[in-house]
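Student: Now for the letters of each chain:
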Amino acid sequence: MRSGRTSSMQNSPSFSRRQLLRSLAATGATAMLAPATALGQQVVTKPIPSTGEAIPLVGLGSWITFNVGNDPVARNSCAEVMRAFFAAGGRLIDSSPMYGSSQKVIGYGLARLNAQSLFSADKVWISSGTSGPAQIEASRQAWGVPRFDLVQVHNLLSWEQHLRTLSAMKAAGQLRYVGITTSEGRRHGEFERIMRTQPLDFVQATYNIVDRELEGRILPLARERGMAVIINRPFREGELIKKLQRHPLPGWAAEIDCTSWAQVLLKFIVSHPAVTCAIPATTRVDHVQENMGAAAGRMPDAAFRARMAAHVETL
Amino acid sequence: MSEWWTYSLSDFLLFSPRTYYRLFELYNIAVWPAQIVMLALGIATVVLLRRAGAGAARAAAGILAACWLFVASAYLIGHYDTINWAARYFAAGFVIQAVLLVWTGVVRNRLSLQPRADSASRAGLGLFLLALIVEPLIAPLLGRPWTQAEVFGIAPDPTIVATLGVLTSAERPHWHLLVVPLLWCALSGATLWTMQSPEALVVPAAAVVGLIAAACKTLPVPQP
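As they're listed, the protein sequences go chains A and B.
According to numbering that gives the first Met the number 0, the first sequence is numbered sequentially starting from 0.
According to numbering that gives the first Met the number 0, the second sequence is numbered sequentially starting from 0.
For the record, the hints were derived by calculation from the structure and aren't laboratory data.
No experiment lies behind these values; they were computed from the predicted model shown.
Ideal Cβ placement from N, Cα and C applies to all residues, glycine included.
Among the hints, erroneous ones may be present.
[Unchecked claim] Covered stretches of chain A, as calculated for chain B (at least 3 residues, CB under 8 Å):
#, segment
1, 42 to 53
2, 157 to 169
[Said to hold, decoys possible] Going by beta-carbon spacing under 10 Å, a handful of chain A positions derived as facing chain B:
#, residue
3, V72
4, N75
5, P96
6, E183
7, P219
8, E236
9, Q244
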């Protein structure tokens with residue numbers, strides 16, 4: 000999106016299909032035909048490079064938000080968030096054995112929903128390599144799924160042993176994709192070395208409008224190696240939203256069909272050509288609908304993204 | 000854990016404040032009316048602290064040990080473990096503390112209480128009253144429902160502060176009995192601080208008072 004189009008775009012919120020497709024092409028995304036967001040817009044997807052399978056640009060994280068223990072009220076509330084997520088065209092839900100009761104709460108929600116489109120992404124997080132399969136099986140039972148779509152080595156913990164296990168499971172058809180994760184910019188050197196040497200389908204790391212270290216080496220490498228990229232902590236655990244909400248939404252937000260700062264932050268992330276999807280976490284139905292709105296409509300191009308980052312820097 | 004210096008306290012917080020306090024609500028409902036029993040035991044301990052004597056010390060140590068075991072089993076294993084996978088390790092620490100209290104205070108009867116003999120012992124009684132009376136009021140005073148009150152013998156924080164009170168009332172400090180309570184004070188304070196809870200400093204402040212009072216008892220008494 001060019002900055003020179005600001006005024007005309009603000010006055011014409013309805014965007015032509017040709018324009019939409021052109022902006023999506025710049026980010027490597029395509030519009031899905033079936034599911035739609037709460038706003039009635041088509042959900043935009045990107046392909047997983049290793050297979051071409053389409054994944055919506057926005058997924059659902061479960062760090063902190065889904066760790067509600069056995070509280071029936073909170074569990075039902077999480078199930079409603081999941082219902083709204085699927086209804087808006089969402090697919091990928093991400094969790095980890097590190098996240099307390101989150102896996103069981105996801106399983107509770109899935110048992111109440113007919114989530115045919117679920118793309119289950121979990122992690123293995125245990126120092127003992129030999130205990131990895133048992134932990135993955137316990138996680139699978141907590142979710143109540145026949146198999147995981149994606150299992151990632153959480154924070155590179157004992158990654159050599161776990162990647163061997165995951166590769167064997169993938170070969171045996173017990174999972175579909177293999178990945179690794181990190182967060183908050185940790186161990187990027189080792190992360191990059193693993194990306195260069197291991198046959199990974201996915202990598203997951205932290206990236207947002209102010210934490211942009213990934214742009215230097217990890218994201219270009221992911222493109223080069225044909226790896227899908229999941230982005231965690233898109234809002235810095237809510238800190239970015241809290242900070243930005245003190246300021247009015249800039250006029251240019253309308254040019255990329257954003258009605259909130261959350262959507263601006265998400266579109267900045269998912270419009271990067273190397274990023275496959277972002278996984279914001281929430282406990283609220285209105286927020287999940289708002290987040291899914293960022294998986295639809297016009298996407299910023301490189302110049303527009305630079306303008307977005309520059310604007311946020313001044314706030 | 001590699002690059003440990005890059006981690007902040009918030010990286011270790013697994014739950015939201017809402018979930019944390021709601022857990023106390025569900026826990027209080029589940030163990031009701033144990034709160035009444037524990038409050039009665041707390042009042043009994045205050046009486047024991049004022050009477051002092053060998054039998055009183057033994058009974059106080061026994062009551063505290065029972066409270067530590069109850070909190071370990073009912074709260075840490077039964078409830079906190081559902082949102083914090085580290086709770087089972089905390090529970091092990093609580094069981095160790097209960098065993099130490101029984102061994103030192105009940106079996107060997109070394110917990111000689113001397114209430115109001117000096118300022119340090121008075122501080123001990125003050126800490127116990129803080130745990131018994133003030134800590135359950137913190138939730139409602141901060142606008143949370145009564146059902147989320149943290150009660151002595153039921154919730155960890157007031158139980159730990161009460162224990163510090165009894166240990167501070169002893170004739171001499173028993174450092175081995177202070178290790179687990181002080182560690183918990185640091186842990187609980189860090190958790191509440193990370194959640195930006197207004198009461199975050201209460202338990203660490205109680206720990207500092209208990210530590211200073213215990214240290215004062217090791218100083219030589221000036222002779223005229």
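Student: None of the hints should be skipped; say for each whether it holds.
Tutor: Results for each hint:
1. 42 to 53: violated (count 0)
2. 157 to 169: violated (count 0)
3. V72: With a minimum Cβ separation of about 8 Å from chain B (threshold 10 Å), the hint on A/V72 holds.
4. N75: violated, 13 Å
5. P96: With Cβ-Cβ at 8 Å, under 10 Å, it holds.
6. E183: Hint on A/E183: holds, closest Cβ of chain B at ~7 Å, below 10 Å.
7. P219: violated, 23 Å
8. E236: holds, 7 Å
9. Q244: violated, 17 Å
Of the hints listed earlier, those the structure fails to meet are numbers 1, 2, 4, 7, 9, in rising order.
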